[in-house]
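Mind docking chain L on chain Z? Use the hints.
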Amino acid sequence: MRFHSKFLVASLGLALLVAGCERDLTPDGPSLSDLYGTFKVKTALAASLAQVDFSSGQSVYFTAETSISTDFILEIKGRTSGAVKRITGKSRTLDATNALWQGETSQFPTFQTEICDVQLTFPGYADTLTAVVTVTGKRVVEATILDDFEGGFNPSWTKFIQTGANMQFSVQSAPPLAEGTSYYRMGGTVAWDWLIGMYEMPKANMNGGAGFQLSNDAEKVFFNGVFRQMAGLDNAIILLQLREDDNGDGTYSEGSEDLWAVEIRPESAWELMSFKYSDLVTLVNGAASAAIGNGLHEPEKLHRLSILFLANPSSGYAQCDADMLAFTENAPLAL
Amino acid sequence: MMNVQFVSRSWLSALLVLSSTATWAQEYQPKFSLVGKARGVYFADRYQMPDDSTTMPRAHSGHVMADLGMRLVPNAQTEVLAMVRVRNDYGGFWGSGVTFDLRQLQVKGLIQDRIRYTLGDVDYALTPFTFHRPGPLMAGILPSTMAHMQQTLAGYDAFTTGYNTWRQQGGTVEFRTGFKRGPEHADQSLFAFRQRAGFGGQATESWAFGGSSRWKWNNFLNRSASSIYTGVNVVSIRDIAGSSNATDLYGNTVITGSGQIPLHRNLSFSFEAGGSQTQWLSGDQDADYMLHAKLGYFKGHMDKGISVHTLTYTEVGPDFYSPAAQTTPNISGLAPAAFTRIGNEKSIREWTYLDLFRESNLYKFRWNTSLGSDNNTYLIMDPRGIATQNRRTLEGQSTVDVWKGGRLVSSAAWAQEIRGQGTTKLTQFSRIDVALHQRVDVGHGAKFHARYRDQRAWRINVGDDVPDTRYSLPWWIFGAEFILTKDARFTLHAEYLQLAHSGFAFDILRNAENQVTDIQGGERSHMERIPSLSLKYTASENSDLTMGWLGSFVKTLDNQYSIQNLYVLYAISF
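Order-wise, the sequence lines are chains Z and L.
Here the first sequence is numbered in our numbering, starting from 1 and rising by one per residue.
Here the second sequence is numbered in our numbering, starting from 1 and rising by one per residue.
Chain Z on its own, in the form it takes in the complex (with noise of 0.2 Å):
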């Protein structure tokens, strides 16, 4: 009998525990109704500023709405420089959450103060819904700058050019741009060596003998730079060196102490890359190896940045473009 009196006990304690659990019936995922309804706009295209000044850290965001759930292609193009910006997305609405624009840009140029055509279009479906927007102040870059090339060739960078045919070593200015209205250009034919030229930023030479000033995780610390090579030509490489005073002497020692590389070869449209500090490697020979130093990452121990332009000896005329130069911090740069 005892025994009758738990086990009902029992069965009635579960019981009323189930009882008690309450289930969140929500339906899961995408409704099906968005999905496959019958397309329809229901709210026309609007930007929720007329004029934006991205200098002052205003922010633009674009609304619609579509009666079902469906694919958008948002694209803002500068009628002046001819910059574009696409943010894509499905959705039923776009608002700040989907089609924010803080100024970056999708495809260089950078966007200058001018004013900017929007389109929304949606695959699939015919319909185009656009809108206009001024910029009245650029964006600003937040970012450690070693060189953007725009009051021409900084002269804390130590330079190393080797004798050849047809060097070219100047900044420019003809389009396609990049950010701004100046870049700088490398080229040359050095038929015995894989070096066409070379330059280098010294801890001494950046914010006045402080150094880079750069964070000690190297997870948030990232290399960035626009490139671009000659079209019709595919032998130029940039390899970026960073070499780390490992010991504090205030001098890197060649063989002992950390270099870190990646080496990079540009595409013939402009192109914004950026490096995580961490993912970088030592390279010998263009292959991964061993570290040299202590093996560590550590982004505040910066003695150098050497930027060098190579090509095959034998491959003839190399020449590449870069632009926008910067160390950025938690996240690559946005331009």
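Keep in mind that the hints are not guaranteed to be accurate.
Beta-carbon label-pair distances, calculated as ranges [claimed, not checked]: (1) Z:K40 - L:N461: 18 to 28 Å; (2) L:N542 - Z:G295: 50 to 60 Å; (3) L:Q202 - Z:E300: 16 to 26 Å; (4) Z:N154 - L:S236: 54 to 64 Å; (5) L:I141 - Z:A291: 54 to 64 Å.
As a list, the in silico EDC-like pairs of lysine to aspartate or glutamate whose alpha-carbon atoms are at most 20 Å apart [unchecked claim]: (6) L:K37 - L:D544; (7) Z:K42 - L:D464; (8) L:K486 - L:D544; (9) L:K425 - Z:D34; (10) Z:K77 - Z:E104; (11) Z:K90 - L:D507; (12) Z:K138 - Z:D117; (13) L:K404 - L:D303; (14) L:K425 - Z:E22; (15) Z:K90 - L:D518; (16) L:K425 - Z:D24; (17) Z:K42 - L:D465; (18) L:K304 - L:D441; (19) Z:K203 - Z:D249; (20) Z:K220 - L:D248.
Please keep in mind that the hints were generated in silico from the structure rather than gathered at the bench.
A virtual CB, placed ideally from N, CA and C, is assigned to each residue, including glycine.
Leaving out everything else, chain L in the frame of chain Z:
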């Protein structure tokens, strides 16, 4: 919840008693023996597809393989098993086709003749909602020679057993607790299995812990009925904090209570109920519960005919996640090794049931901590077995010996989603299964069986433009076995399997945290016919030789082709 320590200190004065394994220890054990399995198989495949002029139509494959388990018993309390696989693919030249592999390494023993422990590679299972590897897609209903081929080839290589065990690496401890009053005894089983190695901080270490405590009671409800069993089952899968830099850790715990209560000599009630809690890497948490209750009625005698009827209600919440019990048996997106690309466009062939007989790489060897996307090619009502989440199921089953040598097995099940997918309208499911098994006294004897299984899913009136779900999977299975000799060593088997699905269904796509990210609907059509004719020689209880012909005729929306093969399969266990 009671635990053993509580019991031993207070009201029961518990004591540890000799477990049944003590007897095992005292039996004569040779110091060294060999156990294992060997097999030899050869397939000659022929592929055919109308208008396909590029795919090579013939492919031959075969191997001979031996799993040699060296069983060492250094003392009466300890056993060491090291099983090495030696495999030679036919066509290897002077040993170049020979591979060696470690199949199983295990140490087990007794502590004080009371506590049994096992370390190394362990096959382990608990209840269907906590720690339970799903069987092959058609476990229990495949015709006999097809089932034999599947278990001997792919199933064996993928470590599937008849007990829904997962092959794990770690350790188990088992012991029995006896009581002076109340329960007769309690069997405890504890486990700790490593799921992911940390590699010195490069990855986050992951382990599964848990066990069960199963209590046997005198039947105080009905003295004439057999004993009552109750139990508690726990499985906890956890990323180990501090084993890597990661601070976002996964964790899942499933706790259930289970029981088996004979209410009468012919009437029995069993249940399992419990809940799960999941901590995702994002920090989100999910928790839900499940219920399973079964009433069973048994009548008759095994020699004179039986009649068994069961009624089952199962409810598994949409957020009840039990990875060790909800993982699908096969990898849906993988291409088969045989005739991987077919047609003049060289499109990748989707695996069919024929491939599941032969290719172990199509099976999941370990559970997934997330559900992944559903594949409803073969199952739609319960793709993750009985523990399939988001289902409320009522099922009745009946097994009746209808006449001499004839047994009718039938079941009908209805299920419904608990939470809608993309809509508040719930998808309904049904499954009807009728099978007849018949022995016939002609010649030296013959056995026939026929089965029809019909699975359906439907959901209507979701919205004006949303297609209705109307999906059906009709299966036909036939088998005949003729005993050719008096000693029953030679048997002839003729079997046929027809698997189909058609209609409009939606695929549910989920992210790594089981959130539904997309729902994709489409028309489906698939027909697979597998006839088989084979001659089997049963040399002993543990060894047999089968020679046969097997065909697979497939028709889908995109392709129509066949793969036929002649095969020889020899298998022995020792």
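Quick rundown of the hints versus the structure:
no.: 1; hint: Z:K40 - L:N461: 18 to 28 Å; verdict: 22 Å, holds
no.: 2; hint: L:N542 - Z:G295: 50 to 60 Å; verdict: 57 Å, holds
no.: 3; hint: L:Q202 - Z:E300: 16 to 26 Å; verdict: 24 Å, holds
no.: 4; hint: Z:N154 - L:S236: 54 to 64 Å; verdict: 59 Å, holds
no.: 5; hint: L:I141 - Z:A291: 54 to 64 Å; verdict: 59 Å, holds
no.: 6; hint: L:K37 - L:D544; verdict: 12 Å, holds
no.: 7; hint: Z:K42 - L:D464; verdict: 18 Å, holds
no.: 8; hint: L:K486 - L:D544; verdict: 17 Å, holds
no.: 9; hint: L:K425 - Z:D34; verdict: 15 Å, holds
no.: 10; hint: Z:K77 - Z:E104; verdict: 11 Å, holds
no.: 11; hint: Z:K90 - L:D507; verdict: 18 Å, holds
no.: 12; hint: Z:K138 - Z:D117; verdict: 16 Å, holds
no.: 13; hint: L:K404 - L:D303; verdict: 11 Å, holds
no.: 14; hint: L:K425 - Z:E22; verdict: 19 Å, holds
no.: 15; hint: Z:K90 - L:D518; verdict: 11 Å, holds
no.: 16; hint: L:K425 - Z:D24; verdict: 15 Å, holds
no.: 17; hint: Z:K42 - L:D465; verdict: 17 Å, holds
no.: 18; hint: L:K304 - L:D441; verdict: 17 Å, holds
no.: 19; hint: Z:K203 - Z:D249; verdict: 13 Å, holds
no.: 20; hint: Z:K220 - L:D248; verdict: 18 Å, holds
When each numbered hint is compared with the structure, no violation occurs for any of them.
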